[in-house]
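Model the full structure from these sequences, guided by the hints.
Residue strings, one per chain:
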Amino acid sequence: MFQPEFSLPVALPLRFFRTAPIWLALVALLAFGLDESDWQQRFSPAMLALTHLLMLGFVGNIMIGALLQVSAVLAGVKATNPVFWGQLLWLALQGGAALLAAGLWHMQPIWLQAAAVILFTSLGGLALWLLIALWRSGVATPLRWAIVGLGLTALSGVLLVSLLSTGWPAIALNDLLRAHIALGSIAWVVGLIIAVAFTVVPMFLVAPAWPSRLNCYLSLALLATVLAAALDARLLMLLALPVLSWLLALLKLLRHSQRRADPARYLWGWGGFNLLLVTVLIPWMDQWSSLLSTPSQAPIMLAAYFLFAGVLPIITAMLAKIIPFLLWMDFRLKIKSGGGLRHMGQLFPERWLKKLAYLCFSMGISFFPLYLLAFKSIPIILIIYAVALSYCIESALSIQNKAKILQS
Amino acid sequence: MANLKLDLRGLAPPEPIERILHWLDAAIAGETLLAHLPHTPYPLYDHLRMRPCHWDCAAHADGSAILTLHRD
Chain A
1 MFQPEFSLPV
11 ALPLRFFRTA
21 PIWLALVALL
31 AFGLDESDWQ
41 QRFSPAMLAL
51 THLLMLGFVG
61 NIMIGALLQV
71 SAVLAGVKAT
81 NPVFWGQLLW
91 LALQGGAALL
101 AAGLWHMQPI
111 WLQAAAVILF
121 TSLGGLALWL
131 LIALWRSGVA
141 TPLRWAIVGL
151 GLTALSGVLL
161 VSLLSTGWPA
171 IALNDLLRAH
181 IALGSIAWVV
191 GLIIAVAFTV
201 VPMFLVAPAW
211 PSRLNCYLSL
221 ALLATVLAAA
231 LDARLLMLLA
241 LPVLSWLLAL
251 LKLLRHSQRR
261 ADPARYLWGW
271 GGFNLLLVTV
281 LIPWMDQWSS
291 LLSTPSQAPI
301 MLAAYFLFAG
311 VLPIITAMLA
321 KIIPFLLWMD
331 FRLKIKSGGG
341 LRHMGQLFPE
351 RWLKKLAYLC
361 FSMGISFFPL
371 YLLAFKSIPI
381 ILIIYAVALS
391 YCIESALSIQ
401 NKAKILQS
Chain B
1 MANLKLDLRG
11 LAPPEPIERI
21 LHWLDAAIAG
31 ETLLAHLPHT
41 PYPLYDHLRM
51 RPCHWDCAAH
61 ADGSAILTLH
71 RD
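Going down the list, the protein sequences come from chains A and B.
Residue numbers for the first sequence follow full-length UniProt numbering, so the first one is 1 and each next one is one higher.
Residue numbers for the second sequence follow full-length UniProt numbering, so the first one is 1 and each next one is one higher.
No lab work stands behind these hints: they were computed from the structure.
Keep in mind it's a predicted model, so treat the numbers as computed, not measured.
Please note that a few of the clues may not be correct.
[As the list claims (entries may be wrong)] Partial pick of chain B residues on the chain A-facing surface, computed with a CB cut under 10 Å: (1) Pro13; (2) Asp25; (3) Ile28; (4) Arg51; (5) Ala58; (6) Asp62.
A virtual CB, placed ideally from N, CA and C, is assigned to each residue, including glycine.
In structure tokens form, the structure reads like this:
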């Protein structure tokens with residue numbers, strides 16, 4: 001019989017959150033060493049390696065940590081031995097990301113195959129286990145469609161490596177590549193952002209509930225649109241529809257939020273707007289890229305904007321709520337009286353989020369001119385952000401530890 | 001019959017959990033709390049297991065939940 005309970009050891013998701021900024025700083029350092037020509041070639045070994053380090057190392061760690069946390073809070077999903085399985089998953093994700101990036105950078109098929117096996121087993125296994133656990137819990141959460149997106153991204157990744165190294169399966173490389181990118185960036189990353197927003201925005205920003213129809217069908221509609229676009233590139237223009245519906249509802253909720261001064265409100269709105277902008281621009285890339293002096297820059301520019309102006313602000317807003325909540329829950333379990341920690345703001349003050357928000361806004365607003373005119377400055381901003389995020393996470397942990405010591 | 005009814009739906013985390021634990025720690029044996037929460041409070045259950053109480057939680061179609069908490 002399924003026994004719902006929370007019991008998520010705080011160290012489990014926290015390990016993923018603490019690792020993410022290290023990968024971002026590494027990507028920034030590697031990007032700083034690239035020549036201008038490397039930035040203009042979408043499929044250059046260096047660019048492919050950096051893209052995967054960002055998506056698996058930085059975004060992947062945060063998304064997996066958030067997925068574990070939200071699944072536990074929403075549906076009471078719990079592993080039999082969470083510490084062991086959590087460590088194994090963490091090791092597989094870090095090892096797989098490093099091996100994949102090294103394999104792409106040096107174009108070593110053996111490394112790529114090993115990375116594909118590790119990542120497919122760990123991420124595909126996680127997706128399958130979570131889907132079964134959610135089904136057993138009976139909670140109909142939109143999370144399940146983002147988890148299907150994660151499983152399909154891992155599957156399309158392993159098929160890509162197989163196609164490149166053995167020629168199997170007999171699918172056109174461009175079609176499989178488009179499917180992998182659409183599944184990874186939209187079905188998995190945007191899908192999880194939308195599913196997390198359904199919980200986090202009303203809860204932490206004290207806003208009204210999402211419209212019930214959107215809650216029921218939007219995540220499924222997003223996944224269906226991505227699958228359709230993966231089969232036929234002409235359907236890419238449909239991607240903007242689910243993102244637009246989500247954004248309009250999100251803006252309405254944010255307007256009615258009772259936490260007017262919370263910087264997370266603006267980060268959600270800004271990130272959501274940029275995600276929509278990217279999905280609108282993707283289908284028309286051939287038309288507008290001709291306006292650039294080097295049209296081959298367009299896909300890289302759009303992908304980087306998707307990450308740094310769309311995903312990054314939302315990730316920042318999510319972490320600023322999820323991490324103190326986790327630490328507070330852990331503290332309250334150990335110190336029954338509540339002790340010196342009376343609210344989450346003591347663990348992650350709003351002024352920290354404000355500073356991270358300024359970094360996100362300035363990066364998003366200045367991204368296009370910086371990319372075209374001073375691309376070397378982008379890694380510098382990324383390193384500053386990575387250090388600032390890491391400082392906030394480690395400081396929150398240190399405040400919680402000090403409060404525990406004081407009470408014991 | 002509940003000794004206290006609380007609507008905790010408009011509060012940001014961890015305030016609903018904090019209020020329930022505060023009530024439980026001050027309650028005397030036999031008292032009952034009826035709390036309306038924005039969703040099933042899975043994170044609360046670990047805290048309740050450490051205290052002398054038993055509870056029942058009913059989920060509603062709109063995603064909210066009614067927690068009936070008895071102090072033993």
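Hints, one by one, checked against the model:
Taken as an interface hint, proline 13 of chain B checks out: its beta carbon lies about 6 Å from the nearest beta carbon of chain A, inside 10 Å. Using the Cβ-Cβ criterion of 10 Å, the hint placing aspartate 25 of chain B at the interface with chain A is satisfied: the shortest such distance is roughly 8 Å. Because the closest C-beta pair between isoleucine 28 of chain B and chain A is about 18 Å apart, greater than 10 Å, the hint is violated. For arginine 51 of chain B, the suggested interface contact is upheld, since its CB lies about 8 Å from the closest CB of chain A, less than 10 Å.
A hinted interface residue such as alanine 58 of chain B counts as satisfied when its beta carbon comes closer than 10 Å to some beta carbon of chain A; here the least separation is about 13 Å, so the hint is violated. A distance limit of 10 Å between C-beta atoms decides the matter here; for aspartate 62 of chain B the minimum to chain A is near 7 Å, and the interface restraint holds.
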